[in-house]
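Please put together the full structure from these sequences, using the hints given.
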Amino acid sequence: MTTTIIWTIVAVTLLGLLLAVVLFLVAKKFKVEEDPRIDEVEKVMPGANCGGCGFAGCRAFAQACVNAPNLDNNFCPVGGNEVMKKVAAVLGMEVKEKAPMVAVVRCNGTCENRPKTNVYDGYRSCKVMAALYTGDTGCAYGCLGCGDCVAACQFGAISMDPETGLPVVDEEKCTGCGACAKACPKKVIELRNKGPKGRRVFVSCVNMEKGAAARKACKVACIGCGKCEKECPFGAITVEHNVAYIDFNKCKLCRKCVVVCPTGAIHDVNFPTPAPKPKPAAAPAKPAEPKAEAAAAPVSKPAPAKTEPAKPENKEE
Amino acid sequence: MKKTFSIGGVHPDDSKIAAGSKIEVLPLPKTVYISMIQHLGAPAKAVVAPGDRVRTGQVIGEPTGFISAYVHSSVTGTVKSVGLRKDLNGIPVVHVEIEVEPDEWMDGIDTTDTLVTDIPEDRQFILDRIKNNGVVGLGGATFPTHVKLCPPPDKKAECLILNGAECEPYLTSDYRIMLEKSEQIVVGAAIMKKVLGVSRAVIGIEENKPEAIAKMTETVSRLQSSAKGYDGIEVMTLKKKYPQGGEKQLIDAVMHRQVKSMGLPIDVGAVVQNVATSLAVYDAVQKNMPLISNTLTVTGNCLPADRQKNYMFRIGYPLSYIAEYNGGVPEAAAKIVSGGPMMGKAISNLDAATQKGSSSLLYLTEEQTARKSESNCIRCGKCAEACPMGLEPFLLNKLARNGMLEELEQNAVQDCIECGCCLYSCPANIPLLDMIRVAKGEVIRAMRARTAPKK
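Protein chains in written order, with my numbering: chain Y, 1 to 317; chain D, 318 to 772.
For the record, the hints were derived by calculation from the structure and aren't laboratory data. Certain hints may be false.
Unchecked claim - Restricting the straight-line Cα-Cα distance to at most 27 Å, the calculated cross-link-like pairs of lysine-lysine (DSSO-like) are:
(1) Lys186/Y <-> Lys662/D
(2) Lys339/D <-> Lys532/D
(3) Lys403/D <-> Lys116/Y
(4) Lys715/D <-> Lys187/Y
(5) Lys715/D <-> Lys186/Y
(6) Lys347/D <-> Lys210/Y
(7) Lys227/Y <-> Lys252/Y
(8) Lys116/Y <-> Lys98/Y
(9) Lys98/Y <-> Lys182/Y
(10) Lys319/D <-> Lys333/D
(11) Lys347/D <-> Lys216/Y
(12) Lys319/D <-> Lys216/Y
This is the structure:
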């Protein structure tokens with residue numbers, strides 16, 4: 001009995017040792033050469049594995065950085081400039097500073113501004129809804145309000161406002177990974193420059209219909225009148241397909257466009273004071289001087305227009 | 318033994334309430350709006366301008382690609398505008414707005430009722446007439462008929478199948494034309510048979526339409542004995558099962574052949590046309606009449622019996638006009654559907670205009686249409702049993718929700734015909750089709766993107 005146990009132990013130990021040696025030799029012989037810098041770069045990554053950089057996770061991004069001749073095309077939106085500096089330090093490369101980005105919802109079609117024309121009773125998903133028809137309002141371009149963007153956000157930075165039915169981005173939490181922009185079938189969400197102290201100006205509408213039709217569907221739609229385009233001293237605004245677009249690289253935040261917009265479709269956020277009103281005055285309206293305590297205010301909403309309760313005209317879907 | 322397709326299928330209550338109502342011709346409205354997208358493929362290009370006077374049957378839209386079709390004016394009058402107008406789904410599409418005057422037909426169009434049974438000898442002449450008169454498939458997909466009738470040279474058609482199944486509940490327009498215009502349909506079948514060069518043509522009709530079967534059988538034998546070119550046409554009685562009218566299901570039922578994944582009916586030697594298309598082919602070839610009218614059913618349980626109607630409409634009539642002529646939208650209607658209850662689409666815009674392929678205005682009540690709350694999948698497999706394409710909807714639903722495109726493709730989501738049998742049979746009320754439809758679109762797009770550069 002005892003000898004059997006001893007023999008078993010000896011045999012198994014010997015077998016184990018033999019296999020260990022074989023494994024060691026095989027591992028030596030077939031070792032995959034991997035750049036040790038990949039591990040190092042991965043260590044400084046945020047580890048969100050969100051895919052916002054365009055690669056499949058942080059390790060794939062690290063690999064791409066190591067293999068790339070420079071870091072111009074690679075950027076981690078979650079880690080931002082800080083992480084990129086660290087990556088550059090590991091690899092001994094130069095990195096250009098990139099302005100931080102934030103997701104911007106370019107639709108202000110609240111229930112008040114944009115009355116419902118029919119009732120959607122299908123599966124609550126923007127993707128499904130967009131595949132079926134243009135939506136439950138008169139606007140074929142705006143937010144559908146089923147919250148695909150909320151589901152796509154890994155950082156809990158988007159939530160639906162139950163009152164307006166529109167998604168709201170929490171600027172503190174938003175990393176600018178762009179997952180929401182990809183999830184939005186209507187391309188309402190755009191990644192825009194966060195701007196100094198979070199201040200930015202954007203057109204909160206993507207309706208490409210002609211002015212009258214757009215206005216009929218939504219009170220705060222961009223009607224493509226072109227007033228802002230004429231007003232902008234920096235040539236940052238272009239009106240194409242009946243809708244204005246502000247190039248955030250050219251915009252100097254003077255907010256002249258905000259004042260002239262007849263429908264209030266151009267929004268300015270995080271400014272301490274409202275946009276300067278006096279337009280006819282000869283003195284060029286200067287951008288309001290940033291006050292010291294410019295605490296990041298939540299996204300400012302334009303005064304809601306008075307409206308009668310939305311009447312469903314047709315009763316379908 | 319009555320025939321049917323081999324796998325899947327469901328048996329919804331057929332509710333053919335409007336079956337007894339004779340086809341009525343709708344009077345002309347004041348204004349018509351004719352869409353430039355009335356067919357599958359490239360949109361037609363409007364060739365009239367505001368202020369132009371058009372006559373009934375005049376070409377107002379020209380095809381812009383190989384798969385595209387002519388659009389004709391359905392009325393006489395003055396063009397008021399050419400511009401965007403919302404269609405059934407609210408999507409802006411170019412429409413030609415015409416102010417209606419009394420009819421003045423284009424020259425060369427035979428508007429008499431005389432039946433022409435002699436089939437033209439020249440194949441090209443027939444095809445040109447079909448093409449120039451803008452005939453498209455009226456079974457639902459509105460695929461240009463002249464393209465379907467010209468199979469590629471390496472494929473050979475063996476059998477023409479006329480689809481008279483009308484398996485969708487409520488719809489009765491095909492049934493009515495089979496009763497009232499049976500001769501024209503049979504002549505149309507003989508014309509298509511001639512073009513395809515096939516010896517056999519089968520008119521498949523479901524067993525719940527015995528009058529149509531009797532009438533069509535009688536018409537076929539009468540024409541066979543009185544004129545040439547009608548040999549080989551037969552009427553086949555099919556078992557009642559949804560979706561019998563699906564192209565691939567009908568081929569399976571009639572010929573016992575299965576079309577392979579992503580294949581076309583012509584791969585197994587079949588060409589399927591709807592009976593309404595056959596009627597349009599007759600009009601186009603024998604009468605030189607463009608496709609400007611079709612039959613539409615106005616029905617629903619909440620509609621009084623005397624308002625259950627089958628109307629002959631012309632393209633461009635606003636749906637609201639038809640609903641009003643019928644006596645207005647019933648109060649109990651919670652949803653208006655264009656097409657049948659299984660595959661039709663809810664109408665979000667009643668001002669939209671009728672198109673070549675419009676088939677119904679179906680009023681559904683809140684009770685009939687309300688979605689029941691979704692619960693968990695218990696893997697009962699009812700959806701897989703019901704799927705006529707042999708797919709596993711419960712699996713596809715899971716994969717679609719997780720965005721697993723490769724696995725979706727391996728599990729043949731692209732073969733889904735969107736018949737809705739899975740959704741109909743699911744005891745947990747899971748919106749299977751909604752998810753699968755979106756996934757199918759994505760997969761097909763990915764497949765096209767992959768094969769495109771190779772060509």
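Quiz item: Given the hinted pair Lys98/Y and Lys182/Y, is their alpha-carbon gap at most 27 Å?
Solution: 21 Å, holds
Practice problem: For the pair supplied as a hint, Lys116/Y and Lys98/Y, confirm whether the alpha-carbon distance does not exceed 27 Å. | Solution: 41 Å, violated
Practice problem: Would you mind confirming whether the straight-line C-alpha gap from Lys347/D to Lys216/Y stays at or under 27 Å? | Solution: 25 Å, holds
Quiz item: Regarding the pair Lys319/D and Lys333/D, is the alpha-carbon distance no greater than 27 Å?
Solution: 21 Å, holds
Quiz item: Are the Cα positions of Lys186/Y and Lys662/D separated by 27 Å at most?
Solution: 21 Å, holds
Quiz item: Taking 27 Å as the top limit, are the C-alpha atoms of Lys339/D and Lys532/D close enough?
Solution: Cα-Cα ~15 Å, so holds.
Exercise. Take the C-alpha atoms of Lys715/D and Lys186/Y, compute the straight-line distance between them, and say whether it is at most 27 Å.
Key: Given that 27 Å is the threshold and the Cα spacing comes to 24 Å, the pair holds.
Self-check item: Distance restraint between Lys319/D and Lys216/Y, which requires alpha-carbon spacing of 27 Å or less
Solution: Violated. Lys319/D to Lys216/Y sits at ~56 Å, over the 27 Å cutoff.
Quiz prompt | Given hint Lys210/Y paired with Lys347/D - CA-CA distance at most 27 Å | solution = Between Lys347/D and Lys210/Y the Cα gap is close to 26 Å, so the pair holds against 27 Å.
Self-check item: Pairwise hint evaluation, Lys187/Y against Lys715/D, where the allowed Cα distance is 27 Å at most
Solution: Judged against 27 Å, a Cα distance of about 25 Å means the pair holds.
Practice problem: With a cut-off of 27 Å on the C-alpha distance, tell me whether Lys403/D and Lys116/Y pass. | Solution: Judged against 27 Å, a Cα distance of about 16 Å means the pair holds.
Quiz item: Are the Cα atoms of Lys227/Y and Lys252/Y separated by 27 Å or less?
Solution: At roughly 17 Å apart (the allowed maximum being 27 Å), Lys252/Y and Lys227/Y satisfy the hint.
The earlier numbered hints that this structure contradicts are 8 and 12.
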